[in-house]
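Chemist: Each chain, letter by letter, is given below.
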Amino acid sequence: MANPLADPVLLIFIAGLFASSYLLADGRKKEGLEGTNRMLDGSLAFAATGLLGSAWTWVIYNDMVKNPLGGEFCATEGIVQCGSVIGDPRYNNLFGLSWGSLGMAAFTVLLFVILCVRMDPLAKWSEQYTNYAWWLGLAGVPFLFILIGIEIFVVKHICPFCTIAHLALIGYLISVWMLRERREISAWY
Amino acid sequence: MARRRRQVEPKGKDEDVRMMAGLITAAVVSIVVGAAVFIAPPVDVGIEEGALAPDFVASAYDGSNWEEVRLSQLYDDRLVLVTFLDTDCPHCWDEAQELSEIYDAVGSDVLFITIAVELSITGHESSRAEVEAFRDKSQFGDNENNGDGCYSGRKNCAERPGAPHSWMYVDDLSNSIANEWKLPGTPFNMVLDSDGTVLWNQQQPENHPPGEDIKNAVLRLLQEGE
Numbered sequence: 139m140a141n142p143l144a145d146p147v148l149l150i151f152i153a154g155l156f157a158s159s160y161l162l163a164d165g166r167k168k169e170g171l172e173g174t175n176r177m178l179d180g181s182l183a184f185a186a187t188g189l190l191g192s193a194w195t196w197v198i199y200n201d202m203v204k205n206p207l208g209g210e211f212c213a214t215e216g217i218v219q220c221g222s223v224i225g226d227p228r229y230n231n232l233f234g235l236s237w238g239s240l241g242m243a244a245f246t247v248l249l250f251v252i253l254c255v256r257m258d259p260l261a262k263w264s265e266q267y268t269n270y271a272w273w274l275g276l277a278g279v280p281f282l283f284i285l286i287g288i289e290i291f292v293v294k295h296i297c298p299f300c301t302i303a304h305l306a307l308i309g310y311l312i313s314v315w316m317l318r319e320r321r322e323i324s325a326w327y
Numbered sequence: 017m018a019r020r021r022r023q024v025e026p027k028g029k030d031e032d033v034r035m036m037a038g039l040i041t042a043a044v045v046s047i048v049v050g051a052a053v054f055i056a057p058p059v060d061v062g063i064e065e066g067a068l069a070p071d072f073v074a075s076a077y078d079g080s081n082w083e084e085v086r087l088s089q090l091y092d093d094r095l096v097l098v099t100f101l102d103t104d105c106p107h108c109w110d111e112a113q114e115l116s117e118i119y120d121a122v123g124s125d126v127l128f129i130t131i132a133v134e135l136s137i138t139g140h141e142s143s144r145a146e147v148e149a150f151r152d153k154s155q156f157g158d159n160e161n162n163g164d165g166c167y168s169g170r171k172n173c174a175e176r177p178g179a180p181h182s183w184m185y186v187d188d189l190s191n192s193i194a195n196e197w198k199l200p201g202t203p204f205n206m207v208l209d210s211d212g213t214v215l216w217n218q219q220q221p222e223n224h225p226p227g228e229d230i231k232n233a234v235l236r237l238l239q240e241g242e
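So the sequence lines, in the order shown, correspond to chains A and B. Just add 138 to the spot in the first sequence (first one is 1) and you have the numbering used here. Just add 16 to the spot in the second sequence (first one is 1) and you have the numbering used here.
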């Protein structure tokens, strides 16, 4: 693949991040429960984008394990590529588990927690679950720093689909932080 | 008297939606995982016969320099004989001769890769200099039992049996490859096909003709590949 930035799958994920951001921003402008639900839709969209982005890195991982010299789903040359990160046996796993599968597991939990809140934002437990979403999301941040550090300082390449998952986590955290703030100023409903 | 209106706090749904949220999440994740598996099925990576041998990146000594190599980039159209050994292990001392004999017989048809590990046994402390001396059969240590040299530090590496080896020796003195390959002990041999699939694992004799050793295994696999 010559130019990874022209990859249609990558463009779909980028669109997913923009759509999530739009939902979040739109929800902030609206008052009451309508705005809260819209913001929750944004959080859900970030979690879904992260889940799909992670799943795609898992696809690339499986492909590159079989074809180490060049898979068919992502470039292996250039600054922006997957070969040096997902294709490198030194950096593509944590204790034998691929980063993609770990990301899928993490985003599954984040998706579930925020989906619970979205399905019943007025439930007694919804505040508690919003806090869970915040703390569980924060738990992923150290791994995000490790991976970005490896990309920038060790392999000196940027893995585009890994970055999608990283941005989805950051977006999710921002959205949940805003939701918590909304509750604090009594603007939840 | 003015009546004060009390704001009623909105109430959530009567039913607990968390179970439904869990089911929806499970359904979404199942679809995503199913699609991913359909697009690129996970590969069985391991050391069992039929699995794809775990890839690694490590420094290898070719007789003059230590250079970084990646196993999967070494594959060509030949069989690959991977041997784990410890320069201080007495059985590996003898295995070196066996390897020399196999190389003499089939060296041009088989890619030889030796991975030097350091077993956690007193007297097995090794170094790159010792690995180089073992491979090259060069002077390293003496024949005193003073921990200096090969064979638990009891012998000069130049005296090991067999000819000097001409293939690469990979530095795994940290045992990271050994751990990933679940090394049961040394010496340990495996034969891979030209794309890295394990064809013969010393630990699976039930799959081999009775009493087959590594030399016969290589000869048989070469014959089968013809």
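Where hints are given, some of them may not hold.
[What the hints assert, rightly or not] Simulated pairs of lysine-lysine, DSS-like, Cα-Cα distance not exceeding 27 Å:
no., chain 1, residue 1, chain 2, residue 2
1, B, Lys29, A, Lys167
2, A, Lys262, B, Lys29
3, A, Lys168, A, Lys262
4, A, Lys167, B, Lys27
5, B, Lys29, A, Lys168
6, B, Lys27, A, Lys262
7, A, Lys204, A, Lys294
8, B, Lys198, B, Lys231
9, B, Lys153, B, Lys29
10, A, Lys167, A, Lys262
11, A, Lys204, B, Lys29
12, A, Lys168, B, Lys153
[Unchecked claim] Here are the computed distance ranges between Cβ atoms for each label pair:
no., chain 1, residue 1, chain 2, residue 2, range
13, A, Trp263, B, Asn223, 51 to 57 Å
14, B, Ser190, A, Phe283, 41 to 47 Å
15, A, Trp273, B, Met35, 19 to 25 Å
16, B, Pro106, A, Arg228, 30 to 36 Å
17, A, Trp263, B, Gly50, 27 to 33 Å
18, A, Glu319, B, Asp60, 34 to 40 Å
Just so you know, the hints here were simulated from the structure itself, not pulled from any lab data. Keep in mind that this is a model prediction, so the values were computed, not measured. C-beta: ideal position from N, C-alpha, C; glycine also.
Chemist: Are the hints correct? Go through all of them and say.
Modeler: Right, here's what the structure says about each hint:
no.	hint	in the structure
1	Lys29/B x Lys167/A	25 Å, holds
2	Lys262/A x Lys29/B	10 Å, holds
3	Lys168/A x Lys262/A	23 Å, holds
4	Lys167/A x Lys27/B	24 Å, holds
5	Lys29/B x Lys168/A	22 Å, holds
6	Lys27/B x Lys262/A	8 Å, holds
7	Lys204/A x Lys294/A	24 Å, holds
8	Lys198/B x Lys231/B	22 Å, holds
9	Lys153/B x Lys29/B	79 Å, violated
10	Lys167/A x Lys262/A	25 Å, holds
11	Lys204/A x Lys29/B	49 Å, violated
12	Lys168/A x Lys153/B	79 Å, violated
13	Trp263/A x Asn223/B: 51 to 57 Å	55 Å, holds
14	Ser190/B x Phe283/A: 41 to 47 Å	25 Å, violated
15	Trp273/A x Met35/B: 19 to 25 Å	22 Å, holds
16	Pro106/B x Arg228/A: 30 to 36 Å	32 Å, holds
17	Trp263/A x Gly50/B: 27 to 33 Å	31 Å, holds
18	Glu319/A x Asp60/B: 34 to 40 Å	48 Å, violated
Violation of the numbered hints given earlier is confined to hints 9, 11, 12, 14, 18; the remaining hints are satisfied by the structure.
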